[in-house]
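If you read the sequences in order, they're chains E and R.
Residue 77 in the numbering used here sits at position 77 of the first sequence, with consecutive numbering throughout.
Residue 127 in the numbering used here sits at position 13 of the second sequence, with consecutive numbering throughout.
No lab work stands behind these hints, which were simulated from the structure alone.
Don't take every hint at face value.
List of simulated lysine to any residue pairs, SDA-like, C-alpha gap at most 25 Å [to be verified]:
1) K278/R <-> L89/E
2) K51/E <-> F145/R
3) K278/R <-> L198/R
4) K278/R <-> A191/R
5) K51/E <-> G138/R
6) K278/R <-> L183/R
7) K51/E <-> T245/R
8) K51/E <-> S38/E
9) K278/R <-> A197/R
10) K51/E <-> A140/R
11) K99/E <-> L199/R
12) K315/R <-> N59/E
13) K51/E <-> P143/R
14) K99/E <-> A191/R
15) K99/E <-> E352/R
16) K315/R <-> P246/R
17) K315/R <-> A55/E
18) K99/E <-> E350/R
19) K51/E <-> G150/R
20) K315/R <-> G64/E
21) K278/R <-> L91/E
22) K315/R <-> G60/E
23) K278/R <-> F231/R
24) K278/R <-> L90/E
25) K315/R <-> L327/R
26) K278/R <-> E96/E
27) K99/E <-> G195/R
28) K51/E <-> G64/E
29) K99/E <-> N25/E
30) K315/R <-> Q158/R
31) K51/E <-> D147/R
Chain E stretches covered by chain R per the calculated footprint, using a threshold of three residues with CB under 8 Å from any CB of chain R [stated by the list, open to error]:
32) 16-27
33) 41-51
34) 67-73
Residues of chain R placed beyond 12 Å of chain E at every Cβ, according to the derived structure [unchecked claim]:
35) F232
36) L233
37) R269
38) A294
If you're wondering where the values come from, they're calculated on a predicted model, not measured in any experiment.
Ideal placement from N, C-alpha and C gives every residue a C-beta, glycine not left out.
Below, each chain spelled out in residue letters.
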Amino acid sequence: MSYLPYALAGWLFVVGLYGVVTSRNLIHLVMCLSVAQSGTYVLLLAIGYVKGGTAPIVNGVALGTRMVDPVVQALTLTDVVVSVTTLALLLAIAVEVHKRTGTLDPDELREMRG
Amino acid sequence: MSRRARTALFLAGGAGLVALLAWGFAGLPAFGDYHGVYGHLLNQRSLGQTHAMNTVVAVTFDYRGFDTLGEEFILFASVLGVALLLREARSRPPEEVDVREPFDPVRATGTIATPLFFLLGLFVIAHGNLTPGGGFQGGVVTAVAIVLIGLAADRSVFHRLAPKPFADLLEGIGVGAYAAIGVGGVAAGAAFLQSFDERGKIGLLTSGGTIPLLNWATGIEVTAAVVLIASEFFEELEER
Numbered sequence: 001m002s003y004l005p006y007a008l009a010g011w012l013f014v015v016g017l018y019g020v021v022t023s024r025n026l027i028h029l030v031m032c033l034s035v036a037q038s039g040t041y042v043l044l045l046a047i048g049y050v051k052g053g054t055a056p057i058v059n060g061v062a063l064g065t066r067m068v069d070p071v072v073q074a075l076t077l078t079d080v081v082v083s084v085t086t087l088a089l090l091l092a093i094a095v096e097v098h099k100r101t102g103t104l105d106p107d108e109l110r111e112m113r114g
Numbered sequence: 115m116s117r118r119a120r121t122a123l124f125l126a127g128g129a130g131l132v133a134l135l136a137w138g139f140a141g142l143p144a145f146g147d148y149h150g151v152y153g154h155l156l157n158q159r160s161l162g163q164t165h166a167m168n169t170v171v172a173v174t175f176d177y178r179g180f181d182t183l184g185e186e187f188i189l190f191a192s193v194l195g196v197a198l199l200l201r202e203a204r205s206r207p208p209e210e211v212d213v214r215e216p217f218d219p220v221r222a223t224g225t226i227a228t229p230l231f232f233l234l235g236l237f238v239i240a241h242g243n244l245t246p247g248g249g250f251q252g253g254v255v256t257a258v259a260i261v262l263i264g265l266a267a268d269r270s271v272f273h274r275l276a277p278k279p280f281a282d283l284l285e286g287i288g289v290g291a292y293a294a295i296g297v298g299g300v301a302a303g304a305a306f307l308q309s310f311d312e313r314g315k316i317g318l319l320t321s322g323g324t325i326p327l328l329n330w331a332t333g334i335e336v337t338a339a340v341v342l343i344a345s346e347f348f349e350e351l352e353e354r
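With the hints as constraints, model all of the structure from the sequences given.
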């Protein structure tokens, strides 16, 4: 039970990768990549969790309250921002691909065109 | 490589990856059994050192402020990339399109939601040092309020309210302000991005030294960045 969050993080990462490998549509592929990235958020947050701890915000809590690790939460924030930026760029590339080749199936994009 | 061969290759490699992950996770302390040093140290010291009640924001904009500068540039570069990819390929400038009248309840809900979301976004940015939130989160909410106009009401209204040159300018100002506040630390004789402002009374919007300033710089940058990305994709739609 105590390792379940790690298992969830691993599952999200692997199932996302599976989606990327087997995808037949570039938009779907980008979404699968974002699922894989979600696994890293779960892992980061799970590592910093302190049993019985509250959010690391000292607003209306008694002094000496047990709190979870703020560093991994800040890292998760960075992670989310990076994920959003990759998502935006990849979707823009997908739009371009569709405009130039008329398809979104990665398997039909074998040939390089000038 | 055929699809089947590729899937088989992935399953073989994936099995190895799963084994490695399981091995690694088994070596981690059990969930909730935290052994880190920095987390406890920051939770004890951060309020006294930074005067910011939200320790996550203190980490983001003070202890790891330099890292966040990199993050700002990542966002800036990605918006630049989206704009370069989509703007260059656009053969002709988007003409005034007669956007269909959206379904009325949608328009009504959007009209009510827009000011509420906008206010909520500003609130989240402003209270970043006190309550959960901050420039990144609040910036996204503020941007969503503006994008909502384009989705629920009218895209021409969206383009008029958030013209791209203006959003471009705001994005640059946001990221530039962040770097400038960092240089301000050097000018005051401290290190780059070290807080040079009075820490202020704990619990006030202005408490935390330069944290609220960096928060607002980030909020402006994120708002402009998300609006710009949405703007580029909207114009794609209009070209059809």
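Item checked: Violations among the numbered hints -> none
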